[in-house]
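Novice: Sequence:
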Amino acid sequence: MELKDKELKEKALKYLNNLKTAFSTLIVKEYDKTLEIIDLARLYLKDAEYYFNRADYITSIACSSYAEGLLDSLRKQKLVDFNWPSKYTPRKTVLVGGVFDLIHLGHIYFLKKASEYGRLIVIVARDKTVIKEKKRSPILNEKQRLEIIKSIRYVDEAYLGSESFDIRNVLTTFKPDIIVFGPDQDKLLEKVKQTINELGLNTKVIKIKQKYNDTVPNSTSQIIEKIIKTFE
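Under the numbering used here, the first residue of the sequence shown is numbered 125, with each subsequent residue one higher.
Be aware that one or more of the hints could be misleading.
[Said to hold, decoys possible] List of simulated lysine-lysine pairs, DSS-like, C-alpha gap at most 27 Å:
{"#": "1", "residue 1": "Lys130", "residue 2": "Lys236"}
{"#": "2", "residue 1": "Lys335", "residue 2": "Lys317"}
{"#": "3", "residue 1": "Lys236", "residue 2": "Lys353"}
{"#": "4", "residue 1": "Lys130", "residue 2": "Lys299"}
[As the list claims (entries may be wrong)] Now the in silico label distances, taken between C-beta atoms and shown as ranges:
{"#": "5", "residue 1": "Val329", "residue 2": "Lys211", "range": "25 to 31 Å"}
{"#": "6", "residue 1": "Lys170", "residue 2": "Lys211", "range": "33 to 39 Å"}
{"#": "7", "residue 1": "Asp196", "residue 2": "Lys216", "range": "26 to 32 Å"}
In short, the hints are calculated from the structure, not lab data. Think of the CB as a built atom: it goes at the ideal place given N, C-alpha and C, for glycine as much as any other residue.
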C-alpha cells in the first residue's frame, strides 16, 4: 500500500470515527423538522463505511463530509446537539506472520482477533522459509498466498517476508506497536521477544491462546489429510 493510500485510509477512518461519535451522542430537539435530514446523514455514513471497506477512501471521505455537513447545519439551527470526538487517536500498528497455506476458518479467526488491536499488517512466509521450517513445499506458492491474504477484510496491508527470515529487519522496518501470535507459534514468539529485548523496543507481544474449534477441518494439515482420504 502506497503512502498516499495509507494517509487517505487513516483520514477516511477519522471521518468515520467522528460521525459514529456524533450519532452516538445525538440529541434531537425538534423531531418533525429534523428526522428526514438525520436519516439522510445516516445513509451517507452507511455509504462511507461501504466504500471504506472496499478501499475507496476518497469516496468514503466525500460521503462522510456530506454527513458531517448535514449534522453541523442542524446543530447550527439548534435543532440537534451532539459531540464530535475531542481527539482522534490513530490506530496502533499490529503485526502478524505466518504461512497461511490453504486458508481456513482458523486463519480467519486469528486475523480477525489480531485486527481488533489495531491496523493489521501481515507478513507472509516465503516458500524457501516454509521448506526450511516444515521440510516440505507449501501447497500454494508465496505469491498466491500473499494475494489471498490481501483480499481478507481484516487485513490492512500484507507483504512477503525476507528469504533470510530476519526478525530484526521486520521489527525495524514496520515498527509495530503490537505483535500477535497464534496458539501454535510459541517457538517464533520466544525468538521475537528475545529480539525485542535486544533492540530495546516497547513492542507489546500478545498470544491468542484459543484455537478456532467450531468446525473441522480447522488446520492446513487436516485439510490435506481430508483431501487424501477423499481421493484414495
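Novice: If a hint holds in the structure, say so; if it does not, say that too.
Specialist: Hint by hint, here is what the structure shows:
A distance of roughly 20 Å separates the Cα atoms of Lys130 and Lys236; the hinted pair therefore holds under the 27 Å criterion. Between Lys335 and Lys317, the direct Cα distance comes to roughly 22 Å. Compliance with the 27 Å bound is thereby established for this hinted pair. Proximity of Lys236 to Lys353 is assessed by CA-CA distance (about 31 Å); at most 27 Å being required, the pair is judged violated. Taking the CA atoms of Lys130 and Lys299, the gap is near 15 Å; set against the 27 Å cutoff, the hint holds.
At about 27 Å, the beta-carbon gap between Val329 and Lys211 stays in the expected band of 25 to 31 Å. Distance hint for Lys170 and Lys211: a CB-CB separation of about 25 Å, inconsistent with the stated range 33 to 39 Å. Range check, Asp196 to Lys216: about 30 Å between beta-carbon atoms, so the 26 to 32 Å window is met.
The structure does not agree with the numbered hints 3, 6 stated previously, though it agrees with the rest.
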